[in-house]
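Protein chains: 2
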Amino acid sequence: MEKVPHQTNAVLIGKKPVMNYVLAIVRLFNQEGVDEVIVRARGGNIYKAVDAIETTKNLFIKNLKIKKFDINSEEMEDDKGTKRRVSSVEIVIYKE
Amino acid sequence: MEKVPHQTNAVLIGKKPVMNYVLAIVRLFNQEGVDEVIVRARGGNIYKAVDAIETTKNLFIKNLKIKKFDINSEEMEDDKGTKRRVSSVEIVIYKE
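These protein sequence lines are chains A and B, in that order. Taking this note's numbering, the leading residue of the first sequence gets 1, the next gets one more, and so forth. Taking this note's numbering, the leading residue of the second sequence gets 101, the next gets one more, and so forth.
Honestly, the hints are just simulated from the structure, not real lab data. Among the hints, a few may not be true.
With a Cα cut of at most 20 Å, we get these calculated DMTMM-like pairs of lysine to aspartate or glutamate [to be verified]:
no.	chain 1	residue 1	chain 2	residue 2
1	A	LYS57	A	GLU90
2	B	LYS167	A	ASP79
3	A	LYS95	A	GLU75
4	A	LYS65	B	GLU196
5	A	LYS57	A	ASP35
6	B	LYS183	B	GLU136
7	A	LYS68	B	GLU190
8	B	LYS168	A	ASP78
9	A	LYS57	A	GLU74
10	A	LYS68	A	GLU96
11	A	LYS65	B	GLU132
12	A	LYS65	B	ASP170
13	B	LYS168	A	GLU75
14	B	LYS168	A	GLU90
15	B	LYS115	B	ASP135
16	A	LYS68	A	GLU36
17	A	LYS67	A	GLU36
18	A	LYS57	B	GLU190
19	B	LYS167	A	GLU77
20	B	LYS167	B	GLU190
21	A	LYS95	A	ASP35
22	B	LYS162	A	GLU96
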């Protein structure tokens, strides 16, 4: 049976514990069989994105490599309606 | 007069406001004339590293590009002597 193509190889880092994202990455590679995973994070979650990738590499996928790293920023409004610029990252990883 | 070679093209992101690091990066490129700048940060400062690069690009150096992005981790002891792994990044940037 042919595999149906899908665009679910992205992990958006949010407020959950880092291990949730580690397991999401591992599942994409090992169960879904994707070639690469796109990890996206914004603002204060950027550290968690790096941490998730590093933890995935240390604990589960030794040959994990970074293919692409992009940074960007977008203007956002906070609760009080004040506009501020928030940085974001997109990190593409793959198994060598 | 020949320029003396130096290895001061690295910026370590710490506790200062992000604009300090933005100005450090701009000074390295525009006054010191280095070809590339290495931005290093650890743990919670990783966001600030991304922010500094993004702000430098938006405000001062439009053609700023990322050459290399590495992540790593090291074991550290906190105040109570508990060992924990802290992720770090090294981002090499250049003017295109």
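* Looking at the structure, which of the earlier hints fail to hold? -> The structure conflicts with hints 2, 3, 4, 6, 8, 9, 11, 13, 15, 19 and 22, although it agrees with all the remaining ones.
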